[in-house]
Structure formats: structure tokens, C-alpha cells
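The listed protein sequences derive, respectively, from chains V and X.
Be aware that the first sequence starts at 1292, since it is given in this note's numbering, and climbs by one per residue.
Be aware that the second sequence starts at 606, since it is given in this note's numbering, and climbs by one per residue.
Hints listed in this document are in silico derivations from the structure and should not be mistaken for laboratory results.
The C-beta atom is built at its ideal place from N, Cα and C for all residues, glycine as well.
Treat the hints with caution; some may be incorrect.
Stated by the list, open to error - Below 20 angstroms or equal to it, Euclidean Cα-Cα: the simulated EDC-like pairs (lysine to aspartate or glutamate) are: (1) X:627 / V:1333; (2) V:1332 / X:613; (3) X:614 / V:1333; (4) X:627 / X:637; (5) V:1335 / X:637; (6) V:1335 / V:1376; (7) X:670 / X:659; (8) X:662 / V:1394; (9) V:1335 / X:613.
What the hints assert, rightly or not - Only part of the chain V face toward chain X is listed, based on derived beta-carbon distances under 8 angstroms: (10) 1336; (11) 1347; (12) 1398.
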Amino acid sequence: EAGVTQFPSHSVIEKGQTVTLRCDPISGHDNLYWYRRVMGKEIKFLLHFVKESKQDESGMPNNRFLAERTGGTYSTLKVQPAELEDSGVYFCASSLSGGAGYEQYFGPGTRLTVT
Amino acid sequence: AQRVTQPEKLLSVFKGAPVELKCNYSYSGSPELFWYVQYSRQRLQLLLRHISRESIKGFTADLNKGETSFHLKKPFAQEEDSAMYYCALSNYGQNFVFGPGTRLSVLP
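Could you put the whole structure together from the sequences, leaning on the hints where they help?
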């Protein structure tokens, strides 16, 4: 079974440009999460989709970040316009629904560098 | 506010020595606690969770609600245990909060 995949693995853009990150969850996983780890800081929750609906987007830092999950399959996270402080590693994770003890399966992450 | 703390950024032990990675949390309610591990050049993966009360790769963790702790322990560390370890909590699949992580280095 394929795990969670993320594209690209690494992106280098200039301040002010736009970048779109993609996450493909494990097939059948209704829950999809986005996280990011800024250099030297902890992994921070950004948002949580259940199918195509945003369950919780309380972690989104500002309105320059836009996440979508059309059709409840893959998700994209767009940063527009990118700022220097957006540099970091963006992780995606997915999990099944139902029951306690949601095990999240993580993707390899996308390293974003804003220069 | 929900918070997870891991006081040690780096923990070095010799092979065969016991290891304990500390984790404390603050949460209003009864969260689920997890330990995630990231080995070199691999993705983050679940190591264990408190509700399953299992031992994975020789590691155990007991939830102490009185001390709000979920320390990770292993009686005899192995070199292959060297990795980044993250303690995390959630409210039944929501509101995940990760600690800053502890890098465990097991020396030969």
C-alpha cells in the first residue's frame, strides 16, 4: 500500500512568489492534516480536513495560506505571497475515521525555502 | 491552553543503558497521548499511544494523569534507537499538539 505522498520534496522560491504544495493521503483515509516545522521550532498543526470539509483550521497562521481538498482526495496548500518566515518543512498526515486512537500516517514533508 | 513539553533537546546514552525521554503536558480534559519517532532520512511514524498500552521496540510509556506526564522508557538502549522523538497529544483525532522533540543519541 502506498503511503502518504507529498510534492514537491523541496521548493525554493523568492519572497512574494506563490507556491502550492500537494498531499496525497492514503486511499480511504477521510482525515487529512497539515503541519509545519519552522527551523528550530516544534511541529505545529495547521489544519484538519474530514473528507472535503475543513474540520479545524485554527492553526493557519494568516490569510496568505489557503488549503483545499476538492473531492475529499488529495489536498493542496497554497502560500501567496510567500514571506521569509514561511520557510520550513510542511508535513501532511492522514488517518482513518472512527474510534479512539487516531493513528496518523505522515508524508515525507516538503521543505520550503523562501529567499 | 494545550501544551506539550519535552525538557531535553538532546539525550545521549551508551548502548545497553536505560533511557527515559520526558514528556509533560497541559490539557483541560482527557487527551490521547502519543510518541512519534523520526529516524534519519525517514518520515515521522507512530511509535506508541497510551490507550493501547503496548510495548514497541522495547519502549513503553505510562500515562500519569496526576503528574500530567507520559515519559518514554526503554531498559536497554540500542544504537538503532538513535532518532528524534516527539511526544504529542490529541482530543480524539482533533487538536493535535506536538512537543519540540528530543534527539536521542545512543553511543556504542
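Q | Given pair status - residue 659 of chain X, residue 670 of chain X, alpha carbons within 20 angstroms | A | holds (18 angstroms)
Q: Please verify that hint: residue 1347 of chain V, Cβ, nearest Cβ of chain X, below 8 angstroms or not.
A: holds (6 angstroms)
Q. With a cut-off of 8 angstroms, does the beta carbon of residue 1336 of chain V approach a beta carbon of chain X closely enough for the hint to hold?
A. This hint holds: residue 1336 of chain V lies near chain X, its Cβ roughly 5 angstroms from the closest one there, short of 8 angstroms.
Q.
Interface hint check: residue 1398 of chain V, Cβ to nearest Cβ on chain X, cutoff 8 angstroms. Holds or violated?
A. With Cβ-Cβ at 7 angstroms, under 8 angstroms, it holds.
Q: For the pair we were handed, residue 1335 of chain V and residue 637 of chain X, check the Cα-Cα distance against 20 angstroms.
A: holds (17 angstroms)
(Q) Holds or violated: residue 614 of chain X and residue 1333 of chain V, Cα atoms, limit 20 angstroms. (A) Holds: residue 614 of chain X and residue 1333 of chain V sit about 11 angstroms apart, inside 20 angstroms.
Q: Mind checking the alpha carbons of residue 1335 of chain V and residue 613 of chain X for me, to see if they're no more than 20 angstroms apart?
A: holds (19 angstroms)
Q) Keeping to a limit of 20 angstroms between CA atoms, is the pair of residue 1335 of chain V and residue 1376 of chain V held or broken? A) holds (14 angstroms)
Q. Regarding the pair residue 627 of chain X and residue 1333 of chain V, is the alpha-carbon distance no greater than 20 angstroms?
A. Satisfied, since the Cα-Cα distance of roughly 16 angstroms is no more than 20 angstroms.
Q: Compare the distance between the alpha carbons of residue 662 of chain X and residue 1394 of chain V with 20 angstroms, and conclude whether the hinted pair is satisfied.
A: Within the cut-off at roughly 17 angstroms; holds.
(Q) For residue 1332 of chain V and residue 613 of chain X, compute the direct alpha-carbon distance and say whether it is at most 20 angstroms. (A) holds (14 angstroms)
Q | Proposed proximity, residue 637 of chain X with residue 627 of chain X (alpha carbon, max 20 angstroms) | A | Measuring from Cα to Cα gives roughly 16 angstroms; hence the hint holds.
Violated hints are absent here; each numbered hint is respected by the structure.
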